[in-house]
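Visitor: Assemble the whole structure, with the sequences as input and the hints as a guide.
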Amino acid sequence: MALQPETSASDIVRGLAGMLAVMALVLALAAWSLSWWQAWAFLATFGGCSVLLVIDLARRDPALLRRRMRSGPAAEKESSQKLIQAINGAGFLGLLIVPGLDHRFGWSSVPLEAVIAGHVLIVACYLGWAMVFRDNTFAFSTIEVEAGQRVVDTGTYAFVRHPMYATGLPLFVGIPLALGSYWGLIVSAVLLAGIVARLLHEERFLAARLPGYADYMRRVRFRLVPGVW
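Residues 0 to 228 in numbering that gives the first Met the number 0 are what the sequence shown spells out, letter by letter.
Derived by calculation from the structure, the hints in this document are not laboratory data.
Misleading hints may appear alongside valid ones.
Stated by the list, open to error - Computed spacing ranges between beta-carbons, pair by pair:
#1 Arg218 to Ala16: 48 to 54 angstroms
#2 Ala113 to Pro72: 28 to 34 angstroms
#3 Ala213 to Ser108: 24 to 30 angstroms
#4 Leu24 to Met216: 24 to 30 angstroms
#5 Ala188 to Pro110: 18 to 24 angstroms
C-beta: ideal position from N, C-alpha, C; glycine also.
Guide: Dropping the structure here:
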């Protein structure tokens with residue numbers, strides 16, 4: 000959804016509450032149970048981190064918050080990105096549905112230590128995003144170039160070209176573990192493929208439209224993981 004200039008942090012928090020309600024419904028339907036403490040603990044961690052990040056952006060960089068609220072397949076301008084984001088959106092739902100089915104049918108037996116590790120990974124992801132947002136006020140949710148935008152090559156962007164995606168990787172592992180599911184990690188692999196497809200297209204788009212980005216690609220070799228790729 001588009002964020003209007005007069006939109007307040009409280010409006011966005013209410014939107015987040017709606018999103019969390021939908022996530023809770025998906026989890027409950029997949030598990031066919033409300034007696035699933037891992038799901039409630041996950042929603043508390045995920046929701047708490049989301050609210051804190053939104054409040055920080057509303058206070059520190061409202062322009063970036065407006066940019067971040069333009070998200071989803073409908074917000075993309077490139078048809079290929081609409082498809083990629085639709086697939087990634089389905090993959091995120093899969094991160095909830097598969098663990099729900101796992102809980103319902105008892106496929107996994109995940110120890111408490113692994114569940115806690117999942118929560119740690121979720122928090123680490125949000126801390127990473129907070130760092131990226133401080134480095135780059137043009138950290139869009141969509142692939143586009145805005146007037147006055149420049150290449151950022153300091154901070155997290157000095158290590159990898161796509162720190163937003165890189166710091167998001169722990170979330171894909173953290174969600175299934177926090178929900179007590181090993182089978183959910185299969186969905187994580189599918190989401191990783193979707194992220195790779197998205198960033199490769201994004202690089203071609205930015206190299207053609209953002210002055211200096213092609214030189215930045217030559218200076219910073221790695222896309223997601225320093226020393227690996």
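Visitor: Could you run down the list of hints and mark each one as holding or not?
Guide: Consistency of the hints with the structure:
Look at arginine 218 against alanine 16: about 42 angstroms separates their beta carbons, and that is not inside 48 to 54 angstroms. Alanine 113 and proline 72 have their C-beta atoms about 33 angstroms apart, which keeps the hinted 28 to 34 angstroms range intact. Against the hinted window of 24 to 30 angstroms, the Cβ-Cβ separation of alanine 213 and serine 108 comes to about 50 angstroms, which falls outside the hint. Taking 24 to 30 angstroms as the suggested C-beta distance range, the pair leucine 24 and methionine 216 does not conform, at roughly 42 angstroms.
Look at alanine 188 against proline 110: about 22 angstroms separates their beta carbons, and that is inside 18 to 24 angstroms.
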